[in-house]
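Asks: This is what each chain is made of:
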Amino acid sequence: MRDPKWLKWVRIIGLGLLGLFTVLPIYVMITSSIKPLKDVQGDFHWIPTTITFSAFRDMWSTVPLAHYFVNSLIVSTIASVISVVVAIFAAYAVSRFRFPGRRAFSITVLSTQMFPGILFLLPLFLIYVNLGSAIGVDLYASRTGLIITYLTFSLPFSIWMLVGYFDSIPVALDEAAKVDGSGPVGALIRVVIPAATPGIIAVLIYAFMSAWGEVLFASVMTDESSRTLAVGLQGYATQNNVYWNQIMAASLVVSIPVVAGFLLLQRYLVQGLTAGAVK
Amino acid sequence: MVVSATSRPGGGRGSGDPGGPPPPSGAGRGRATARLSVRLRRLGLPYLLILPALLLELLVHLIPMVIGIGMSFIKLTQFFIRNWSAAPFAGWSNYHLAVDFNGPVGRALLHSFFVTVTFTVITVALSWFLGMAGAVLMQGEFRGRGFLRALFLVPYALPVYAGVITWSFLLQRESGLINHVLVDQLHLFSDKPFWLIGQNSFFSIVVVSLWRWWPFAFLVLMAGLQNIPQDLYEASSIDGAGWMRQLRSVTLPMLRPVNQVLVLVLFLWTFNDFNTPYVLFGKTAPQEADLISIHIYQSSFVTWNFGTGSAMSVLLLLFLLLVTAVYLLITSRRRSDA
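In order, the protein sequences belong to chains H and E. Just so we're on the same page, the working numbering is the position in the first sequence counted from 1, plus 78. Just so we're on the same page, the working numbering is the position in the second sequence counted from 1, plus 84.
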């Protein structure tokens, strides 16, 4: 495709503006985290006049940030791993088998995306309280309850994306594995999963990110011991003082794992979308 | 979503034959039983595979939804919250309250509904436009392309609370960057405006949501662009089509299936979004930016009126179902016409 001359300028200006819009809060987050408290309370300055790393030290004691961090890490890791395994099985069934109820299953799972979270927040809360006391496992205000909740949040998108991905893997490969003596599950493990690795990684990132960032259920379903970062970060603002420099430092620190992971693996997400979902 | 996931012809075709090769004739009874159990296992296998997903969806989404619908028919106020099965039956009164637009509750709900519709339409349209512009301008090779692509995706990768809390710092009246630029540097206002309360809060929530959602549109459209065969561009180029013409006659039509899904997903996510307004404004949103999910949350948890809150949620779900059905009907018909 030959590009006209004016396109070059449109590209520079357009991408420049988008870049500016994108980077503005990130710039403020980084520069404010290295300012002393009095500099973030007064007038805003583009360039920090005094640089200090005290916010990165103090943020751990203002709120129990490390505790929240560990909670978020445990909840998001377990939820995303289980979610992906469950999604692989379901997607394999939908992609490779014709069974009565297949269409109904797909539609049901996907339509849960449409539900307003607020509709099932309170019922779920009641279920967890009652079910928890019935089976003797704490579901409400526990990491277990949060894990179960979060892993279903990413399931619809994960299944949908993996079905598209599995569909793009030739069935002949499965058949070859079956000739070699594998059953359908053997074919899934030996052929389909290795061939779909980019899609699976993409889904894993998505599931982890959605669990790491969820706020609504975290704000209702946790107590002090199971609190995650989503709620914990608001602790800096409910004190007498708003420690903006510590909020920015904490935001930066809690973002690094997901952003770094995402940027390292984003090409798999694009590949996964290209091979599966958007085709 | 539904359409593209389930009605794609040829997906997984041919592998679903549960019977396997025809059995050799004259097999003994034992082998017949074994074969039968293999057959049964094969038939049961897909159900076994979807079982975990189904159980989890039942527990977290479907059963709570049914209970939620049930709750909308009882008088579930703070007096009954500890013993909610004793709450008296309310009939349609929760619904009457929610849609009585002369009463304060109904009027506030209607207001919140219109705010949310306006907010969603603007945010989805702009997110799509920016995503499309970004994806199209990123086509071709130039220096810094990989870096820009990664940069554009950062707002989507950032946890909501980290990104949105930073915006709320930017939008602070006294110490924020926005007022510093607009008032101190550009002198556009004589007095520093408030951005998180009052009229301006609507602009704030639109800008912040846009910042969060356009990278998602960008990501999906970029993947969609990669799937357009390059020879379509070459062929149209030989026919003398310029850049604009190619955008109109090749790129946009080829992206239609992607756009169908993307716009729907963006619409549902934006409409239901709780996280962004909650982190930006806290438990009570300003009137002008009173988005529906925050409104219902507040009606339920702050005023302890769960019955009415549930009725509102059910109405919201019915609205979303209707919009989705109409949308899929219209866009799918247009697709098959094309």
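I should point out that these hints are in silico values taken from the structure, not numbers from a laboratory. From the three backbone atoms N, C-alpha and C, an ideal C-beta is built for every residue, glycine too. Fair warning: there could be bad hints in the mix.
[As the list claims (entries may be wrong)] Just a sample of chain E residues kept apart from chain H, beta carbon distances all over 10 Å, derived:
no. : residue
1   : ASN186
2   : ALA241
3   : TYR245
4   : GLN310
5   : LEU400
[Claimed, not checked] Result set (SDA-like, lysine to any residue): computed pairs, CA atoms no more than 20 Å apart in a straight line:
no. : chain 1 : residue 1 : chain 2 : residue 2
6   : E       : LYS367    : H       : TRP124
7   : E       : LYS276    : H       : LYS256
8   : E       : LYS159    : H       : PHE203
9   : E       : LYS367    : H       : LYS83
10  : H       : LYS86     : E       : PHE287
11  : E       : LYS367    : E       : GLU318
12  : H       : LYS83     : E       : GLY366
13  : E       : LYS276    : H       : ALA212
14  : E       : LYS159    : E       : ALA171
15  : E       : LYS276    : H       : LEU294
16  : H       : LYS83     : E       : THR202
17  : H       : LYS86     : E       : ALA171
18  : H       : LYS116    : H       : THR127
19  : H       : LYS83     : E       : LEU331
20  : E       : LYS276    : E       : LEU294
21  : H       : LYS86     : E       : LEU331
22  : H       : LYS86     : E       : ASN284
23  : H       : LYS86     : E       : LEU232
24  : E       : LYS367    : E       : GLY230
25  : E       : LYS159    : E       : LEU129
26  : H       : LYS83     : E       : ASN343
27  : H       : LYS83     : E       : LEU280
28  : E       : LYS159    : E       : LEU143
29  : H       : LYS86     : E       : TYR179
30  : E       : LYS367    : E       : GLY228
31  : H       : LYS86     : E       : GLY224
32  : H       : LYS83     : E       : LEU129
33  : E       : LYS367    : E       : ASN284
34  : H       : LYS86     : E       : ARG332
35  : H       : LYS86     : E       : GLN223
36  : H       : LYS86     : E       : LYS367
37  : H       : LYS83     : E       : ALA217
38  : H       : LYS256    : E       : ASP184
39  : E       : LYS276    : H       : GLY120
40  : H       : LYS116    : E       : SER259
Asks: Hint by hint, say whether it matches the structure.
Replies: So, going through the hints one by one against the coordinates:
1. Against chain H, the non-interface label of E:ASN186 holds: every CB pair exceeds 10 Å, the least being about 25 Å.
2. Residue-level check failed: E:ALA241 sits 4 Å from the nearest beta carbon of chain H, not beyond 10 Å.
3. Non-interface status of E:TYR245 relative to chain H is broken: a Cβ of that chain comes within 10 Å, the nearest being about 5 Å off.
4. The beta carbon of E:GLN310 is not kept farther than 10 Å from every beta carbon of chain H, the shortest such distance being approximately 5 Å.
5. Against the 10 Å criterion, E:LEU400 falls within the reach of chain H, whose nearest CB is about 5 Å from its own CB.
6. For the hint pairing E:LYS367 with H:TRP124, the CA-to-CA distance comes to about 31 Å; that exceeds 20 Å, so the pair is violated.
7. Note on E:LYS276 and H:LYS256: the hinted pairing is violated, with a Cα-Cα distance of about 71 Å set against a maximum of 20 Å.
8. Between the alpha carbons of E:LYS159 and H:PHE203 the distance comes to roughly 18 Å, so the proposed pair stays at or under 20 Å and holds.
9. A threshold of 20 Å between alpha carbons decides the hint, and for E:LYS367 with H:LYS83 the separation of about 51 Å lies outside it, so the pair is violated.
10. Between H:LYS86 and E:PHE287 the alpha-carbon distance is near 31 Å, which puts this suggested pair outside the 20 Å criterion.
11. Our distance criterion of 20 Å between C-alpha atoms is broken by E:LYS367 and E:GLU318, whose separation comes to about 55 Å.
12. Between H:LYS83 and E:GLY366 the alpha-carbon distance is near 48 Å, which puts this suggested pair outside the 20 Å criterion.
13. Restraint check for E:LYS276 and H:ALA212: not satisfied, since their Cα atoms lie roughly 56 Å apart, outside the 20 Å limit.
14. In summary, the hint linking E:LYS159 to E:ALA171 is supported, as the alpha carbons are separated by about 6 Å, within the 20 Å threshold.
15. At roughly 32 Å between alpha-carbon atoms, E:LYS276 and H:LEU294 are farther apart than 20 Å, so this suggested pair is violated.
16. Using a Cα cut-off of 20 Å, the hinted pair H:LYS83 and E:THR202 is violated, with the two alpha carbons roughly 38 Å apart.
17. Our distance criterion of 20 Å between C-alpha atoms is broken by H:LYS86 and E:ALA171, whose separation comes to about 67 Å.
18. Distance hint between H:LYS116 and H:THR127 is fulfilled; the C-alpha atoms sit about 11 Å from each other, no more than 20 Å.
19. Between H:LYS83 and E:LEU331 the alpha-carbon distance is near 16 Å, which keeps this suggested pair within the 20 Å criterion.
20. Only pairs whose Cα atoms come within 20 Å are accepted, and E:LYS276 paired with E:LEU294 is rejected, the gap being roughly 24 Å.
21. Of the supplied pair hints, the one linking H:LYS86 and E:LEU331 holds, its CA atoms being roughly 16 Å apart against a limit of 20 Å.
22. Proposed proximity of H:LYS86 and E:ASN284 is contradicted: the alpha carbons are some 36 Å apart, above 20 Å.
23. Between H:LYS86 and E:LEU232 the CA atoms are separated by roughly 16 Å; this keeps the pair inside 20 Å, and the hint holds.
24. For the hint linking E:LYS367 to E:GLY230, the alpha-carbon distance of about 39 Å lies beyond 20 Å, and the restraint is violated.
25. With a C-alpha separation of about 45 Å, the suggested pair E:LYS159 and E:LEU129 falls outside the 20 Å cut-off, and the hint is violated.
26. Among the hinted pairs, H:LYS83 with E:ASN343 is inconsistent with the structure: their alpha-carbon atoms are about 29 Å apart, more than 20 Å.
27. Distance check on the hinted pair: H:LYS83 and E:LEU280 sit about 43 Å apart at the alpha-carbon level, beyond 20 Å; violated.
28. Distance restraint check for E:LYS159 and E:LEU143: the Cα-Cα separation of roughly 24 Å exceeds the 20 Å cut-off, and the hinted pair is therefore not satisfied.
29. Pair hint H:LYS86 plus E:TYR179 does not hold up; C-alpha atoms about 57 Å apart against a cutoff of 20 Å.
30. For the hint pairing E:LYS367 with E:GLY228, the CA-to-CA distance comes to about 41 Å; that exceeds 20 Å, so the pair is violated.
31. Our distance criterion of 20 Å between C-alpha atoms is met by H:LYS86 and E:GLY224, whose separation comes to about 11 Å.
32. In summary, the hint linking H:LYS83 to E:LEU129 is not supported, as the alpha carbons are separated by about 59 Å, beyond the 20 Å threshold.
33. At roughly 18 Å between alpha-carbon atoms, E:LYS367 and E:ASN284 fall within 20 Å of each other, so this suggested pair holds.
34. At most 20 Å may separate the alpha-carbon atoms for a hinted pair to count; H:LYS86 and E:ARG332 meet this at roughly 19 Å.
35. Pair hint H:LYS86 plus E:GLN223 holds up; C-alpha atoms about 12 Å apart against a cutoff of 20 Å.
36. A hinted pair counts as satisfied when its Cα atoms are at most 20 Å apart, and H:LYS86 with E:LYS367 does not qualify at roughly 46 Å.
37. Annotation: proposed proximity of H:LYS83 to E:ALA217 holds, straight-line Cα distance about 17 Å (limit 20 Å).
38. The suggested pairing of H:LYS256 with E:ASP184 is violated, with an alpha-carbon distance near 63 Å, which exceeds 20 Å.
39. In summary, the hint linking E:LYS276 to H:GLY120 is supported, as the alpha carbons are separated by about 14 Å, within the 20 Å threshold.
40. In summary, the hint linking H:LYS116 to E:SER259 is supported, as the alpha carbons are separated by about 10 Å, within the 20 Å threshold.
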